[in-house]
Amino acid sequence: MLNTITTSRRGFMQLSATSAAALTLGASVAGLTGCSKVPTANGYKVLRPGDIEILRAVAPVILSGSYPGSLAADGEAVLLRSLDKVVLTLQDYARSQLVMLFDALQVAPIRALMGAPWTAWSDMQPADIEAFLQDWKTSRIQLKRMGYASLCKLVTMCWYSQPSTFAFSGYPGMPQRIPASDPV
Amino acid sequence: MQNHSPRQPHIPMVAGIKDPIRDGIRSGWNVRASTSMADGTVLEADVIIIGTGAGGGTTAEILANAGLKVLMLEEGPLKSSDDFRMDEREAYRDLYQESAGRMSKDGAMSILQGRCVGGTTVINWTSSFRTPEPTLQHWASEFGVQGMSKDEMAPWFEKMEQRLNVAPWQVPANPNNAVLSRGATSLGIDWKVIPRNVSACWNLGYCGTGCPTNAKQSMLVTTIPAALQQGSELVYSARAERLIMEGRKVLGVEITALNDDYQPSGSRLVAKAPHVIMACGAINGPALLLRSKAPDPHKRIGKRTFFHPTTFCFAEFDELIDPYYGAPQSIYSDHFQWQSVDGPVGYKLEVPPLQPGLTSVLLLGHGHQHFSDIQKLPNLHAMIALLRDGFHPQSEGGSIELAGDGTPIIDYVINDYLWDGVRRSWLSMAEIQFAAGAKAVRASHVDSPWFTSWEEAKAGINALEFRSNAFTAGSAHCMGGLTMGEDQTRCLVDSNGKYHHLDNLYVFDGSVFPTSIGANPQLSIYGMACKQANKLLETLKA
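Same order as they appear, the protein sequences are chains S and Y.
With my numbering, the residue at position 20 of the first sequence is 20, and numbering never jumps.
Count along the second sequence starting at 1, add 1000, and that's the number in my numbering.
No lab work stands behind these hints: they were computed from the structure.
Honestly, I wouldn't trust all of these hints.
Stated by the list, open to error - Derived pair list, reagent style DSSO-like, types lysine-lysine, alpha-carbon separation capped at 30 Å:
#1 K1079(Y) with K45(S)
#2 K1159(Y) with K1458(Y)
#3 K1192(Y) with K1150(Y)
#4 K1272(Y) with K85(S)
#5 K1249(Y) with K1079(Y)
#6 K1249(Y) with K1272(Y)
Said to hold, decoys possible - Covered stretches of chain S, as calculated for chain Y (at least 3 residues, CB under 8 Å):
#7 43-54
#8 72-86
#9 94-105
As the list claims (entries may be wrong) - The following residues of chain Y were derived to be distant from chain S, with all beta-carbon distances above 10 Å:
#10 T1035
#11 A1108
#12 P1225
#13 D1261
#14 Q1263
#15 P1295
#16 Q1355
#17 G1367
#18 H1368
#19 F1371
#20 Q1375
#21 S1399
#22 E1431
#23 R1467
#24 D1487
Predicted model only: the values in this text are computed from it and were never measured.
For every residue, glycine included, the Cβ atom is placed at its ideal position computed from N, Cα and C.
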């Protein structure tokens, strides 16, 4: 789980002991304060209101000019519902890792210890979020890099597989499929 | 910022395709969802096969043709050509483990693995290679594997190649694959055309989302229908939870029924048979044995798990590549593969299809840079290098552990030995891409910019830092975990696929490979399962 922090396999991968400890501690504290017991948001199978607040804030920064695109006001719902479906099918380990990541990002003091702004997600400026993502992307701490990659992969996969975003990728789309037989 | 106005390329309409599975079910095949049965239902058969991928499908047909009552169990759903709409969203959710989001424990490797009736054969890219001779020799000399020399395996490969219509692709490579042949030719690097298991292929490019024309000769449209035609039974959405054992015998399988969300429905079933064959792959197979607390005196279950860790290098071209269309894999190069069997890691070069969802993940990153990269898609080419892991003392593979609820955790670490191969593979790919006329090349590493010349790429790639989770490592090939061989201190199944420590349990799939294959593994699994299933029949008749 979160305490399995990869120790340095190479000289230059030395961890900052303090930040690594903060991150591990962060997840435990978040767990103790009951973050992970929060019920899911209305209409969602896995995502909780706090997770949605984080995703709402980071999605426009991760997806840049493609978001919300022609979907306008619906873009957010399309993305969040798609994310919810994917997270639901993750097995225990991957899902629990993700839940702990969201837990840790939800509690302001822990978030701040991990290099993200203290401000509530809904009040953060895109520049703050960009700085946070850059920090995690290049961090010496494996767990932060893993968090960065997981967030980006989930969000981009769910977004760019939506037909309404094909105009941005220039993907002309898949061949049209007309089934021959009636449903069983 | 580029602006791609909608183009109207020639995209065929896929219509008039009959769905052989729906037709078969109408004709009375014995096919049921686990959730359609009452809690506690007991199923009986002569043989239970767990998993319906390359190993399970091949085995089912052989045993059913010999008159055995075969029960096939599949964790995933039953989907067939009428469901295959070439839509990434549906395909990943319905046909892949964890919606294509399966990852190693440290999150550094993404694993694409099938989870549906037909297993990974439904979603693979059809590349069909015989097990390379150096691999077979290595297994014989290092693990005491018997009866699997090149000559001894040849008839089994030939049989399965005929069964699944394997032949080198006759149509010109799509522009994405042509980059590899063109670049390699100009550098004097050898390359070949990939043999594919297709019949009347439309050259669409959607092997990875389930073949909509039934051209791909996956287990779903070949061996499984043949077994069902012989009266076999198929129960899907049925996860093998635990083997029921008594002494040295497996009595049956405890099954968890899965609902439409792929979550346990609350119902349990039991299957009983005198013989049980596991064909549930290199991740779920070891997990099943660990959950079952199967005898394992030397603690070998789930060890030596291999993945062909795969690196990605992107290239931008002036001309259109349309990398999402056309047979996804048709050209390969083994130039860097066998320079030393057990020295620095060798790699096979191939090309992946680039549908936009998957591509956005492989490009890695966020924000303006990522947005600008994804906008290049129509002019984008990617090359992949599959690292041949498991042949060197510093490549002992990963291990399978269990999470709290008994599901698998895949502990696999890219170490210094593999990183050396990662870097060399980026250099090989970048050089070939520039030789093929690329205007810019980028290794799939978060620190990599777009390089505009080979000289610049060479220096830039050599300077990239080794940080896990900072570069794309993928895998579409799960192998090992239940090592085959005659030395019981290191191996779990014998050369016939029988589990050393149980009398009636067999493993016929890629989990028995003592190393990675060094080539896309489907034909290795078909050939070996074909040989082992026939051997089992002989034993049963004796």
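Results for each hint:
1. Distance hint between K1079(Y) and K45(S) is fulfilled; the C-alpha atoms sit about 23 Å from each other, no more than 30 Å.
2. Distance hint between K1159(Y) and K1458(Y) is unfulfilled; the C-alpha atoms sit about 45 Å from each other, more than 30 Å.
3. Restraint check for K1192(Y) and K1150(Y): the C-alpha separation of about 20 Å stays at or below 30 Å, so the hint holds.
4. Taking the CA atoms of K1272(Y) and K85(S), the gap is near 35 Å; set against the 30 Å cutoff, the hint is violated.
5. Taking the CA atoms of K1249(Y) and K1079(Y), the gap is about 34 Å. The hint is violated against a cut of 30 Å.
6. A distance of roughly 12 Å separates the Cα atoms of K1249(Y) and K1272(Y); the hinted pair therefore holds under the 30 Å criterion.
7. Here's how the region 43-54 of chain S fares: 1 of its residues keep a CB closer than 8 Å to some CB of chain Y, so the rule of at least three is not met and the hint is violated.
8. Coverage of the region 72-86 of chain S by chain Y holds. Counting CB-CB distances below 8 Å, 3 residues qualify, and the rule asks for three or more.
9. By the rule of at least three residues with a Cβ nearer than 8 Å to a Cβ of chain Y, the coverage given for the region 94-105 of chain S holds, with 3 such residues.
10. Distance check on T1035(Y): its Cβ is at least 15 Å (rounded) from any Cβ of chain S, clearing the 10 Å threshold; non-interface status holds.
11. The Cβ of A1108(Y) does not lie farther than 10 Å from every Cβ of chain S; its closest approach is about 7 Å, which violates its non-interface assignment.
12. Consistency note on P1225(Y): stated as away from chain S, and its beta-carbon is indeed over 10 Å from all of that chain's, at 15 Å minimum.
13. Not every CB of chain S is more than 10 Å from the CB of D1261(Y) (nearest about 6 Å), against its label as outside the interface.
14. Consistency note on Q1263(Y): stated as away from chain S, yet its beta-carbon is not over 10 Å from all of that chain's, at 8 Å minimum.
15. Distance to chain S confirms P1295(Y) as a non-interface residue, since its nearest Cβ pair spans about 26 Å, more than 10 Å.
16. Its closest Cβ contact with chain S, about 7 Å, brings Q1355(Y) to no more than 10 Å, contrary to its assignment away from the interface.
17. Consistency note on G1367(Y): stated as away from chain S, yet its beta-carbon is not over 10 Å from all of that chain's, at 5 Å minimum.
18. Look at H1368(Y): its CB is around 5 Å from the nearest CB on chain S, not clear of 10 Å, so calling it non-interface is violated.
19. Under the 10 Å C-beta cut-off, the non-interface status given to F1371(Y) relative to chain S is violated; the minimum distance is some 4 Å.
20. Its closest Cβ contact with chain S, about 6 Å, brings Q1375(Y) to no more than 10 Å, contrary to its assignment away from the interface.
21. For S1399(Y), the requirement that its beta carbon stay farther than 10 Å from each beta carbon of chain S is met, with the minimum near 13 Å.
22. Distance check for E1431(Y) against chain S: the nearest CB is about 26 Å away, which clears 10 Å, and the non-interface claim stands.
23. Interface exclusion of R1467(Y) from chain S breaks down, the closest Cβ pair being 6 Å apart, not more than 10 Å.
24. Separation of D1487(Y) from chain S is adequate, the least Cβ-Cβ distance of about 30 Å exceeding the 10 Å criterion.
Violated hints, in rising order: 2, 4, 5, 7, 11, 13, 14, 16, 17, 18, 19, 20 and 23; the structure is consistent with all others.
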